[in-house]
Amino acid sequence: AETKPTLRVGVLKFGTVNWELDAMKRAGLDGKAGVDVEIVPFAGEDASAVALQAGSVDMIVSDWLWVSRLRAEGADYTFVPYSTSVGSLMVAGDSPVENLGDLKGRTIGVAGGPLDKNWLLIQALAKKAFDVDLAAENSIVYGAPPLLTEKARQGELDAVLNFWHYAARLEAEGFRTLVSGTDAAVKMGTSGPVAAIGWVFSDGFAKEHPEAIEGFLAADKATKALLASSDEAWEALKPLMKAEDEKTFTTLRDRYREGIPSRSGAEEAKDTETLYQLLAGIGGERLVGPAKTLSPGTYYDDGKNGS
Amino acid sequence: MSNLSKPIPPAGGRSALAVEIRGKTFLGADGEAVRAIEEIAFEVAPASFATLIGPSGCGKTTTLRIILGLDTDFTGRLKLPEADGRIAAVFQEPRLLPWRTVEENVRLALPDAEAGRDLDELFEVLGLAEMRTRYPSELSLGLARRVALARAFAIRPSLLVLDEPFVSLDEQTAGRLRRLLTEVWSARPTTALMVTHNLREAVELSDRIVFLTERPARVRGIHEITTPRSERDTRWRETTLSAIAKRYSGVL
Amino acid sequence: MSNLSKPIPPAGGRSALAVEIRGKTFLGADGEAVRAIEEIAFEVAPASFATLIGPSGCGKTTTLRIILGLDTDFTGRLKLPEADGRIAAVFQEPRLLPWRTVEENVRLALPDAEAGRDLDELFEVLGLAEMRTRYPSELSLGLARRVALARAFAIRPSLLVLDEPFVSLDEQTAGRLRRLLTEVWSARPTTALMVTHNLREAVELSDRIVFLTERPARVRGIHEITTPRSERDTRWRETTLSAIAKRYSGVL
Amino acid sequence: MPRGAWQLLGPRLVAVVSLAGLLAIWWVAASLAHSRVLPTPPEVFDAFWRDALTGELFFHLAMTLMRVAGAFVIAMAVGSAIGILLGMNAEANRFFDPWLILFLNIPALVLIVLAYIWFGLNEAAAIGAIAVNKIPNVVVTMREGARTLDRDLEEMARVYRFSGLKTLRHVVLPQLQPYFAAASRSGISLIWKIALVVELLGRSNGVGFQINLYFQLFDVAAILAYTLAFVAVMLTIEFLLVQPFEAHSTRWRPKRARG
Amino acid sequence: MPRGAWQLLGPRLVAVVSLAGLLAIWWVAASLAHSRVLPTPPEVFDAFWRDALTGELFFHLAMTLMRVAGAFVIAMAVGSAIGILLGMNAEANRFFDPWLILFLNIPALVLIVLAYIWFGLNEAAAIGAIAVNKIPNVVVTMREGARTLDRDLEEMARVYRFSGLKTLRHVVLPQLQPYFAAASRSGISLIWKIALVVELLGRSNGVGFQINLYFQLFDVAAILAYTLAFVAVMLTIEFLLVQPFEAHSTRWRPKRARG
Ligand SMILES: Nc1ncnc2c1ncn2[C@@H]1O[C@H](COP(=O)(O)OP(=O)(O)OP(=O)(O)O)[C@@H](O)[C@H]1O
Ligand SMILES: Nc1ncnc2c1ncn2[C@@H]1O[C@H](COP(=O)(O)OP(=O)(O)OP(=O)(O)O)[C@@H](O)[C@H]1O
Ligand SMILES: [Mg+2]
Ligand SMILES: [Mg+2]
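Residue numbers (our numbering), protein chains in the order written: chain A, 1 to 307; chain B, 1 to 252; chain C, 1 to 252; chain D, 1 to 259; chain E, 1 to 259.
If you are wondering where the hints come from, they were derived from the structure by calculation, not from laboratory data. All of these numbers come straight from a predicted model, not from anything done at the bench. A portion of the hints provided could be inaccurate.
Claimed, not checked - If we take Cβ atoms under 8 Å as the criterion, some of the chain B residues that face chain E in the derived model are:
1. L68
2. L70
3. L97
4. W99
5. A109
6. Y135
C-beta atoms are modelled at their ideal positions from N, C-alpha and C, and glycine is treated no differently.
This is chain A alone, in the form it adopts within the complex:
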């Protein structure tokens, strides 16, 4: 038998990406697509970024802003959409807060730091819709995602902006979504949900191993289709998901399904340009680096242009 090309993917061990890869391997979808996916687990988001740069893995999941920024500085990373699930701003179920305007003067926890895309978008939205400067008129607490989740449970925070699976867990515990990153993006002018995170690998690798990338992307598509339709496939993932209870489990599953990108790459790329302009306006050079526009080639061009 001919040997299949291998692809090392660095993922967070209990992260959402690992669920999908696990389902892929479980169903043998990578093999069917002609690629052997090797999962390299890490304990932190940063670890996978380090690993990619050190050449210890071939692919990780990250966001397009990061890719664009590094491309502007000379790296050749490129991006294929993976999920539109992004963070949401959550409040307790019995909170009096009904909209962004009500947040004035409250304590807000923000998981991604001051340059988090969703946070910037939500700030812009608040300014536009309610004329509130969230960052200036509230006390903002930046911190580690699990810590902020716990603090929200304790009630020390009035609202918390957190990554989607933390948000989903809170939702299962009775929190509600005040506004999600996707909502904010759409309200600020994109035509639909934009995949914030995606598969990231280098152009160089793709050129040398086109069959690996192609096979992987095909397997990814097949896995998403499986997970979108089959509940049994999810049962097998339960141990990885570490859901405390059934409610959390179903919430996580449903939110995952919502996040599967449905639009074509070209459509996404166009909205991304819009978002980039918007973010560059809010976040400034600190966020996007020296480049004024999305770096060309940020979205992976597989040669079959405009598919």
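Got chain A; can you put chains B, C, D and E with the ligands on it based on the hints?
Showing chains B, C, D and E with the ligands alone in chain A's frame:
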């Protein structure tokens, strides 16, 4: 027997220094027991001067440490001249604080009330006038020993304990310091106990000499001197020395 | 002048120890300069025994340190008896390694080739036979000094430097050790230089006595002794002592 | 008298009583707090048992211990050598002191990321990064020790022509023992803490890897289970190796007078 | 002779030469590596200047220094007190030794998270967490120091009836000076490293916060700019405060014989 290290306060006035130590044993690091003292018992009358003489390693320093309250692990009795009078000790080594100057080393020993006292004269007689701002590491051993003496004399103690105070000094300096010691000791009612290997020195200074045996130490004999110090001339000294040397062989 | 601390190897055989130190000054921590030695120059004939006597703090230890090569910051000349003969020193303090037993302290000083040598007899005469497995902190000062002597004698040096070796010892022990020193010194051609404050001791042991002045030290005079050691009886000693005492006041 | 009571108990027993006391305090506090973030001892034990049964815990513990041991040996050897040199040579010290302060204060994160990027995500880079993080601390401690070396003993060794090795072994090292003890005790704990970061940033196993996973799930019981497993190893080493060794190497010290 | 050459340069100049050497090595290495992860000095300076102009860098630096200073004072005071007590009291030490090993080996992450959870996301919790992380290290070092205290001097102080305070100040502390120096030098660097984690996990300002931000953007130049700004502060403290103080407090030590 009971460990009577807290002396009974005397009824009106100072009492004799009474020492009684029986069977003092050290436990060596190799686990073997070293018997240092078999039995030592003697008294020093109030305001008198006694000397301990014994072979090297027989237990003299151990006896002094017990008297100073530094070693409470013994069987016997101990009675100090005053319940809480000041005690001064000249150890066998200078024991100065290396990070304090000569003057600071002496002043630190003074009770707080006298901390600022004028010490010029004391430093002068001890030949330390030039050395007051030096650190101990800059002194010769003889100078360091003199600082230790200065410290003991400065506090005007009621009990003065000296462990070979005049070694490492030239004869002239040693003679001067012996005279100083006599002065300090007689200026106020002080009880003094000195260890020495120098019988001449002992005869010159003491009222009573306690001779000890080899380790484990016992009292070999006690020699009383009743001749007033002013009458102890060279001739008297030579007679006394040879009389003592006849009785206690090997001490001269 | 040049710092000639590396001696010129003698042409066939050992030469005299020649010392010449001029204007040795220490810089104190308070920034003031202390002049320790004005000018000291003397020679010690090959295989002879010399003694340094001088007031406390005059610069004797400093002289020995320069001879031992521990202080190279001086002006003058220094010539050792042998280019690379063994040197032994008895310092003014015992300077034992506290974490090594008595026996280890002595053995460590032996050259590697002799590391296993039988030292029973040496420990026996020094009265240390029982102490071989003890640590220095368990010794009395007199015992510790004897260990330092054992270390110096054990290596069979060609130059032996002693800084007040026999203080803190009772007369009997000191006498025994003096005899031992004479034996060790005469068994092989050894040049010896000793510091002491004890003129009796100096007269008993030396071929030559160097008297120093107060600090800053100069040579006050040199006394030669030609009487063979076997003929130095009590009477001879008393005459010599009083003759010396007459010339050099204050040394007795 | 309490002193007598303590002496009746053997040192082993005292340690057991001490740990039992700690456990009791924890148990009471956890029961009172009754919070997910301060689990009770049985909850932690459950978490321990869960991962112990699968062998997972021992695997990760072994990986971390391997890294800790490797980095410890390197850091102590290199750091002691540099520290002793700097402590004994004032000129070299004056020159390298600024470097030392720089390396002391470079964040672990920076060193680790640079090591990974330059040398790849491998064991050597990981252990090297940990060691480099720790070396400046060892240097600082050993340098202080070397500065206080007894001049008298050094002179004695010179006069008696001790070889360099003999001087080091019999004169210098025994004096540095307390500094070495301080550097290695606080060293091993520092190394282990850095190892956690190293494992977080680029290893796929080890206690640091596990602790971070559980942190994301906010499973404090599991975090404590892994932590305490490591602490247990350290306690065992302390009681079976370090303390007997220390008692032996300091047996010459005069016992402090009592009373 | 090189020795003479060194002595001609003043100590200040030696430090400058030393730092210049380090800069040169870095510059050459960075030019050769030509990598985004090892920026050249001008690139780092640009990053520094960018944030210095907005005042941001100084704000974050000040916040971190404030936390470091607070935690340092607490950790040294509490740690020294405990360490000296344990070093001088063998029984207390036997009892608390296991506790010490436990606290030494609890990961910073665990302590910090627990502090934040129990005491809220505030300054007190942050500084307290840093201090608690450092205290066991101080204890370990000071304990070694207290174990080597000179018995002879202690006895002298007892005979001459030194008060407790006098003994502490004139007899005990001067002997502990080298241990204190070691604990505080390596201590301040450890505290700063923990402060970075504390700021990363739950503070909204400080160098740790910024470094993490730039780490997400993988802007190594900015990370180094912040790191070096902190190192510069430490170097200034070292040269203007610590070294003169140390020279003063160790002036009594016999100078090592040369040659
Ligand atoms: N390192 C130093 N710094 C400053 N002064 C010093 C130093 N070493 C010695 N001195 C001074 O030099 C002089 C000579 O010292 P040295 O130790 O040679 O005296 P000594 O003759 O051996 O005296 P002793 O009989 O008391 O041992 C003394 O006054 C001493 O204070
Ligand atoms: N801590 C100890 N452990 C074991 N043995 C000890 C200890 N202290 C003293 N000794 C032993 O007890 C005996 C008496 O010691 P001590 O110091 O009292 O002698 P000394 O009479 O003062 O002798 P010297 O004249 O030499 O000073 C010695 O043999 C000594 O070795
Ligand atoms: Mg004694
Ligand atoms: Mg001397």
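Hints versus structure:
{"no.": "1", "hint": "L68", "in the structure": "5 Å, holds"}
{"no.": "2", "hint": "L70", "in the structure": "5 Å, holds"}
{"no.": "3", "hint": "L97", "in the structure": "6 Å, holds"}
{"no.": "4", "hint": "W99", "in the structure": "4 Å, holds"}
{"no.": "5", "hint": "A109", "in the structure": "4 Å, holds"}
{"no.": "6", "hint": "Y135", "in the structure": "4 Å, holds"}
Violated hints are absent here; each numbered hint is respected by the structure.
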